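A.B. asks: Fit chain B to the given chain A structure using the hints.
There are 2 protein chains.
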Amino acid sequence: MKYPSSLITLIRELGKLPGIGPKSAQRLAFYLFNQPEEDIKSLAHALLEAQASLVQCSRCYNITDEPACSICTDLSRDSSMICVVEEASDLLAIERSGEYQGLYHVLNGSLSPMNGIGPDQLTIQALLGRLEGISEVILATATTVEGQATAMYLARLLNDLGVKTSRIAHGLPVGGDLEYADEVTLGLAIANRRAI
Amino acid sequence: MKYPSSLITLIRELGKLPGIGPKSAQRLAFYLFNQPEEDIKSLAHALLEAQASLVQCSRCYNITDEPACSICTDLSRDSSMICVVEEASDLLAIERSGEYQGLYHVLNGSLSPMNGIGPDQLTIQALLGRLEGISEVILATATTVEGQATAMYLARLLNDLGVKTSRIAHGLPVGGDLEYADEVTLGLAIANRRAI
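First to last, the protein sequences are chains A and B.
For the first sequence, my numbering begins at 55 and goes up steadily by one.
For the second sequence, my numbering begins at 55 and goes up steadily by one.
Hints were generated in silico from the structure; no laboratory data involved.
Small disclaimer: the values here were computed from a predicted structure and weren't measured.
Just so you know, nobody snuck in bad clues.
Simulated DEER-style distance windows between Cβ atoms:
{"id": "1", "chain 1": "B", "residue 1": "Pro90", "chain 2": "A", "residue 2": "Asp174", "range": "14 to 24 Å"}
{"id": "2", "chain 1": "B", "residue 1": "Leu182", "chain 2": "A", "residue 2": "Lys56", "range": "25 to 35 Å"}
{"id": "3", "chain 1": "B", "residue 1": "Ala203", "chain 2": "A", "residue 2": "Ala106", "range": "43 to 53 Å"}
{"id": "4", "chain 1": "A", "residue 1": "Thr239", "chain 2": "B", "residue 2": "Gly170", "range": "41 to 51 Å"}
{"id": "5", "chain 1": "A", "residue 1": "Pro167", "chain 2": "B", "residue 2": "Ala245", "range": "53 to 63 Å"}
{"id": "6", "chain 1": "A", "residue 1": "Gly216", "chain 2": "B", "residue 2": "Lys77", "range": "38 to 48 Å"}
Straight-line Cα separation of at most 27 Å, DSSO-like style, residue types lysine-lysine; simulated pairs:
{"id": "7", "chain 1": "B", "residue 1": "Lys77", "chain 2": "B", "residue 2": "Lys56"}
{"id": "8", "chain 1": "B", "residue 1": "Lys95", "chain 2": "A", "residue 2": "Lys56"}
{"id": "9", "chain 1": "A", "residue 1": "Lys95", "chain 2": "B", "residue 2": "Lys70"}
{"id": "10", "chain 1": "A", "residue 1": "Lys77", "chain 2": "B", "residue 2": "Lys77"}
{"id": "11", "chain 1": "B", "residue 1": "Lys77", "chain 2": "A", "residue 2": "Lys70"}
{"id": "12", "chain 1": "B", "residue 1": "Lys95", "chain 2": "B", "residue 2": "Lys70"}
{"id": "13", "chain 1": "A", "residue 1": "Lys95", "chain 2": "B", "residue 2": "Lys77"}
{"id": "14", "chain 1": "A", "residue 1": "Lys77", "chain 2": "B", "residue 2": "Lys95"}
{"id": "15", "chain 1": "B", "residue 1": "Lys95", "chain 2": "A", "residue 2": "Lys70"}
{"id": "16", "chain 1": "A", "residue 1": "Lys77", "chain 2": "B", "residue 2": "Lys70"}
To spell it out: a stretch of chain A is covered by chain B in this simulated footprint if at least three of its residues, at any positions, have a beta carbon under 8 Å from a beta carbon of chain B; those stretches are:
{"id": "17", "region": "62 to 71"}
{"id": "18", "region": "136 to 145"}
Where a beta carbon is used, it is the ideal one built from N, C-alpha and C, also for glycine.
Isolated chain A (complex conformation) (with noise of 0.2 Å):
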């Protein structure tokens, strides 16, 4: 049987998200099929609205629909203190878990000279500029290789311009992502952070 091209289309497009592969994405496409005319109208919708509103908060780099994100321009946070981290996604995980007052700064990545991603592709100089009043700057890259060697580049660099720096705990098992772990773990490695 020849598939209709828009089904194949549909398919294709739904199998390049994450942790989706082709039976799923063909799975999900007949699952559609099935459903209301204006649910798949939404979703589509929500995906073009989100496209076309979402951007990266001029400050921090945190997903933002304003040019300045909800927390950089709350001014009841302690703007004395930089929480970076490598995603939007983890900074989330930190606020959920209540613990932190302060500013954050999204790397949008870590160093991996492997894949070609130095220092110059994350927003390294942006965080740089924002030291002017900073008091502490807590290094909550992943327990990775990666996010390692990023927290270990970032305090070497911080340290050699006079900024406390410090690390959150391990109390997060090592080698997983920030964003799956629970609340009470990441509000424990934010207060049991320790100078680096």
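C.D. replies: Leaving out everything else, chain B in the frame of chain A:
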């Protein structure tokens, strides 16, 4: 932190998909945010395009973008046999086995009185309207309780009408979905069908 509303909408819409929980939906949304603009647009357009163009075949209820599907319009196929399946994805699974050259009929589900699905909610009347010139109907509903009950119901109806009726062989693991069976097992199940 306050999530941007378009992000909340996207996470909610992605979370409606089968097998995608709130955590996966959030991960997918952040993944999409990091993709090039064109990739998100092409996924959204694939959804809209599929929604607009895909319909059910007017004859066998297979998924198609024409008034009649590519199997119903294929004159080289054996038009004296109808294989009855629950969903269009089951039809594709049987096509992959390469064992069957006749036509199909998609029921759009199986009998499930608990969920309010009786004979009128399926395409059984349309099937009965297609029996002229048909020498055999193969019942390839799933080996689940509902699939078996549907096969029994149809067998009684069809035998009363004097139509030769068969059930695909129990080479399939009982209790499983047709879609996940491998091609060889499905091929054997078609070849070893038995009269009921």
